[in-house]
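> Protein chains in written order, with this note's numbering: chain F, 1 to 249; chain G, 1 to 249; chain U, 1 to 249; chain R, 1 to 249; chain X, 1 to 249; chain B, 1 to 249.
No wet-lab data here; the hints were simulated from the structure.
No experiment lies behind these values; they were computed from the predicted model shown.
Glycine residues also receive a C-beta, built at the ideal position from the N, C-alpha and C atoms.
Keep in mind that a hint or two might mislead.
[What the hints assert, rightly or not] Under the rule of at most 30 Å between Cα atoms (straight-line distance), these lysine-lysine pairs were calculated in the DSBU-like manner:
(1) F:Lys6 - G:Lys6
(2) F:Lys170 - F:Lys11
(3) X:Lys6 - B:Lys11
[As the list claims (entries may be wrong)] Which residues of chain X face chain R? A partial, calculated answer using Cβ under 7 Å:
(4) Ser131
(5) Thr158
(6) Gln185
(7) Phe209
(8) Asn224
Protein chains: 6
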Amino acid sequence: MFYHDKKLQYKVRVDKPNPQFARALQQAIGGIEGEIRVCLQYLFQAWNARGPVRYRDMLLDTGTEEMAHIEMLATAVCLNLEGASSSVIDTIVGNDPLMEKIVGGGDPRHYLSGGLGALASDANGVPFNGSWVVSSGNMASDMLANVTAEATGRTLATRLYEMTDDAGMKDMLAFLIARDTMHQQQWLAVLEELGQGNLYNVLPIPNSFPQAQEVQEFSYAFVNTNIDPEQPSAGTNRRWTQGPSLDGR
Amino acid sequence: MFYHDKKLQYKVRVDKPNPQFARALQQAIGGIEGEIRVCLQYLFQAWNARGPVRYRDMLLDTGTEEMAHIEMLATAVCLNLEGASSSVIDTIVGNDPLMEKIVGGGDPRHYLSGGLGALASDANGVPFNGSWVVSSGNMASDMLANVTAEATGRTLATRLYEMTDDAGMKDMLAFLIARDTMHQQQWLAVLEELGQGNLYNVLPIPNSFPQAQEVQEFSYAFVNTNIDPEQPSAGTNRRWTQGPSLDGR
Amino acid sequence: MFYHDKKLQYKVRVDKPNPQFARALQQAIGGIEGEIRVCLQYLFQAWNARGPVRYRDMLLDTGTEEMAHIEMLATAVCLNLEGASSSVIDTIVGNDPLMEKIVGGGDPRHYLSGGLGALASDANGVPFNGSWVVSSGNMASDMLANVTAEATGRTLATRLYEMTDDAGMKDMLAFLIARDTMHQQQWLAVLEELGQGNLYNVLPIPNSFPQAQEVQEFSYAFVNTNIDPEQPSAGTNRRWTQGPSLDGR
Amino acid sequence: MFYHDKKLQYKVRVDKPNPQFARALQQAIGGIEGEIRVCLQYLFQAWNARGPVRYRDMLLDTGTEEMAHIEMLATAVCLNLEGASSSVIDTIVGNDPLMEKIVGGGDPRHYLSGGLGALASDANGVPFNGSWVVSSGNMASDMLANVTAEATGRTLATRLYEMTDDAGMKDMLAFLIARDTMHQQQWLAVLEELGQGNLYNVLPIPNSFPQAQEVQEFSYAFVNTNIDPEQPSAGTNRRWTQGPSLDGR
Amino acid sequence: MFYHDKKLQYKVRVDKPNPQFARALQQAIGGIEGEIRVCLQYLFQAWNARGPVRYRDMLLDTGTEEMAHIEMLATAVCLNLEGASSSVIDTIVGNDPLMEKIVGGGDPRHYLSGGLGALASDANGVPFNGSWVVSSGNMASDMLANVTAEATGRTLATRLYEMTDDAGMKDMLAFLIARDTMHQQQWLAVLEELGQGNLYNVLPIPNSFPQAQEVQEFSYAFVNTNIDPEQPSAGTNRRWTQGPSLDGR
Amino acid sequence: MFYHDKKLQYKVRVDKPNPQFARALQQAIGGIEGEIRVCLQYLFQAWNARGPVRYRDMLLDTGTEEMAHIEMLATAVCLNLEGASSSVIDTIVGNDPLMEKIVGGGDPRHYLSGGLGALASDANGVPFNGSWVVSSGNMASDMLANVTAEATGRTLATRLYEMTDDAGMKDMLAFLIARDTMHQQQWLAVLEELGQGNLYNVLPIPNSFPQAQEVQEFSYAFVNTNIDPEQPSAGTNRRWTQGPSLDGR
Ligand SMILES: [Ca+2]
Ligand SMILES: [Ca+2]
Ligand SMILES: [Ca+2]
Ligand SMILES: [Ca+2]
Ligand SMILES: [Ca+2]
Ligand SMILES: [Ca+2]
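Same shape as in the complex, but just chain F (with noise of 0.2 Å):
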């Protein structure tokens, strides 16, 4: 069950508001790098965990978590938008600048269908699909996919960062960053945990499929499908064309 007070986690605010940024901001949280992505991700995972229950709880604690970060970026959003909306009328008429920039740079969604809301959309006006909401039934296979998608998310939001010079979008950026740099921890942990202090011991993914059942001259061959001899592929002294394996086999 769920609860929720009229706190943000953590505080919003936005000096200068900005249509472009709000529209930025969309990509953190309907885009597939985002934070409704994560919410329903980690929830999704825990509702249909039948393993250890500390993996189950610690999804629950997490996924709950996502929805503050929802909260956050909705709200900055707003804020980003506020003030559009007088200036909408009055400076439409004769002025083909601002009708390029509420058009153009920004959502016109915003406008249009949101009267300076946040959508379930990223900074295209893509809606948020489903299809990205990985939970597989497999732990490993979950948490890598948890990982990746902290780590896209990280980089979503420190290009986030880099494009406003706005101190308080800096600042809720900066603490979703640290929130990022936490979450990619605690899944690789659950991954080395789950490997016996190894990461490298959960492979192949999943590990329940007995490996003598592949075609096994093909597990740990590299293809090369370069056919120019003049110009082969790179990194033939490599780990991946050669040496041992990482996982030992």
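Chain F is already provided as a structure; the job is to place chains G, U, R, X and B with the ligands on it using the hints.
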């Protein structure tokens, strides 16, 4: 900010697992009439709200409750898929009917992608789509969208109730149906309040637009596009074709 | 069976072509609040109707009218893109600003895919999606979905009206707004008729389900998920938290 | 402007309702080869047309006819679902096979979302998608897109014809197949007219682009990407690998 | 089986990076008229082919070539985004116009999600959609679909050519346009071969269906849905309204 | 540039055609865990790569190999549908069960749209979606996304292996599973190399962002959102809740 505990809002019990009913339940999770939609819809409306705080609070309260409904339904999907796992390997060999049940009547992705867990999709495996999340910035529009969501949602829930004879599932659905009953009431109560006790006073929505600017000869006239004099449209003596308008204009 | 003539339902005139406004108008064609949606929604409801013939006829009449609205808006998009064609080649060379206008503020696919014609997409180029077409088999649900569509549609149309100072466009929108006013009336009139003169009598929707089978202690109780005693939810003295229910039960 | 009467373009009769055939018919309504697509495609091409009025008129005439085909097919879906309704409650209890038929072989959303009515989706419940509506601003491209749509549409209709032994359904499909035969003719006739009596004269499409600006050594050469000298690609003596080009250049 | 080398099929050079043109180029990568679509369409048709091996081989040859076109265009997108990276941080502060260029005129996801790389999306950021991949099992339908794809694709490429004055980009597009010229030829050559030298002999598609089973009075009649006697449809003396049919039936 | 020959990478044999297994195989072609996704993902990462050439080469090598996997699976789908064709017409008449098999257990579009060929869709007929193609511009993020894709892909392949008792299909899947084993190794090997022999050194991703700018008190703290003191979250003594972080900070 959001919180959780480890309890469900209401008990979820499945007496006889049924992968086909698991598939049907997905409509109530990730379909357009489902709980992910209302959850995000109410929460986005809350986060985007600029009016009286009581509406925002109410939206937060109920949006958070809907999280608990997704949780109940995901749990129900898992329980309906329970037991299918081991039998898959055992009985597939030389046994087409089971294969048919898993791949045909049920959602094959429940096994292939979810490992017998719930997905963020509808009963046909079509992913949840963020475009369904209505938050228009106009309170009356939003409340109508919410009543509609609860009306189609309750219609869906009663159909699921009719499709199953599993006592546990019927009980869970009877709870969700009750909540939909209440939620229809509460969104309509806001509409009534917006209309100072008479819902029709909010018409036309949005009522901020000066009706004098409409092309008024078309504002209250029914347009008949039926060109067949021998089989005219019925209902010519009804309120939409004659008499005073609902809003008294 | 359907027919047409070569006239528009109402005149469409653009005084000063504007590719950015063409983009904004797309929301009213292919967006979730747009005319393709209501057109198909009313027609599917008509074709699926099994009740009194007057409702079916009414849905056919208005669904057909909405075809004419798509036609008007597509015409308006074309007129707003008019004149852009020849200038593209002439001025692109060494002239970034125009490039920006075409690719940025407007929808680049208006030129790239449409050759300066309207598309079946929204203001962000996201294609029309059939999932928006609600036809539930329950007349009250459908009527609520229809009022909602007209409420969000009229909200959109008034915002488009505010965004432009083109007299021709304002006139066209003033007509479409008037039609939305009427359509809100007519769907609500059906709801009122279904409730024998009192809309609340249709509650809960669907009212074919025996309420005795609900878990009734939850049918009329507001669930407060706010756990903060210091900042409780407002509205505790409102109709959704206390007093008689709207449907008198 | 559009009009309707209460008749179908051609009679629709179902001798023995079949929910599974209802599902298959959905492909002809909301699938990429279906009637919503051609209806909107021809109408958008008409509304966007800037050339000779006879093409615009023809597109309007046929686009309007396609509306009547959606109507016929939606009616057919309803008739195929007829009778299923009451049996649902009666026979579900203790009767897995029927459950399987409704949820498995048929589209469960026909019941869950549509109340036994047609949907704006394909045979797998995937919603109609506006991206399929081709209106390129180039008449030759559009005519090719239209012939293709009628070719894949007629292919679909003949397969539906083969799948059913219901005399009523076969008759309806025999009508729709006949219309597809004609529509293939008419779009090709425009292409022939554009080529002054020889379709190949319209090549390459668009022929407004000066071919001298192409990198001409690649304009009429077949590129063989097969690198296996022992199993070379067949067809080296065919018109696409040698001899004069179709357009005589 | 597939192979590659490290060369491009044709040189790709960008003289002056332009993020807005990078966005426009995306339509040719991930749009419905783009190279991912034709690549997958030809390859799926090849893999699904059951007829003469020369058609299968031809489809494989050209499908593989299209891979090289995606590669060229992705390279072009990267080059057009080159140099934008460092300037982002430097100039955003106090410099709205650049912000506008990145977020507005260009695709913000090129930076936010792609780190200045190409995406599998169209010019509006709408993802590539597998529904566009036509492989109908009917060779004539497929060839028409392929000519259409090359016609709309070449139309797109010539528009991109017109939009840019970058000599490198014009050269690359002049190559791609030449390939589209050829590909239109080759698919039509198959159609001609299927019709024993006369393309019209393949009509109606599919010609495996016995035309005697059509409702033949509707097989060659133009249906006029225009009801206005004062403004009748033009073209009553054209080949689609009178005279012999194209297929001589 | 890309090339092909007419061989498959590994033999594909189907002993007993099975349309339902054909449907399940679609998940491995056009599903989020499937081969189109990894093919495009690796190729886009290669084309977008700006770092050491050995990573780019490796991505090209493996992306090209994945093309061969799509080819194998499409071939497998066709073989599983083989023989169904003629029986369709023969047995439909008066034979509901087969109808059920084709429309229900299998994907009806395999016949209706594909003429018994493979589609660019998943096991529910949901089209491949380009949003799944991750190419972030950050090598560590991309490698994690790639390991995840191979982990969920191998999980899917082993489930398909369990679902079938067809020796030919088991052999093909045993090959694909082996390749997934290898691909997991190779992407992890790059991560290890990026971390100078210790994968954890790449944390946090992206490590180009100065951690001093994070709100550091939240960078390594687990946030417990469980409010129930009686049923606290398990795992309080685990590496994600206490002790040194994985990256030693
Ligand atoms: Ca987060
Ligand atoms: Ca609910
Ligand atoms: Ca309208
Ligand atoms: Ca038709
Ligand atoms: Ca090409
Ligand atoms: Ca693979």
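> Given a cut of 7 Å on the nearest C-beta pair, is the interface hint for Thr158 of chain X held or broken against chain R?
With a minimum Cβ separation of about 4 Å from chain R (threshold 7 Å), the hint on Thr158 of chain X holds.
> Does the alpha-carbon distance linking Lys6 of chain X and Lys11 of chain B stay inside the 30 Å limit?
Cα-Cα ~28 Å, so holds.
> Take the shortest C-beta to C-beta distance between Phe209 of chain X and chain R; is it under 7 Å?
It holds, given that the least Cβ distance between Phe209 of chain X and chain R is near 4 Å, below 7 Å.
> Restraint: Gln185 of chain X near chain R, CB-CB cut 7 Å. Satisfied or not?
Constraint on Gln185 of chain X satisfied, holds at 5 Å.
> So, Ser131 of chain X near chain R? Judge it on the closest CB pair being under 7 Å.
holds (6 Å)
> Keeping to a limit of 30 Å between CA atoms, is the pair of Lys170 of chain F and Lys11 of chain F held or broken?
Holds, at about 11 Å.
> Hey, Lys6 of chain F versus Lys6 of chain G, does the alpha-carbon distance stay inside 30 Å?
holds (21 Å)
> For the hint on Asn224 of chain X, does the least C-beta distance to chain R fall short of 7 Å?
holds (6 Å)
No hint from the list above goes unmet by this structure.
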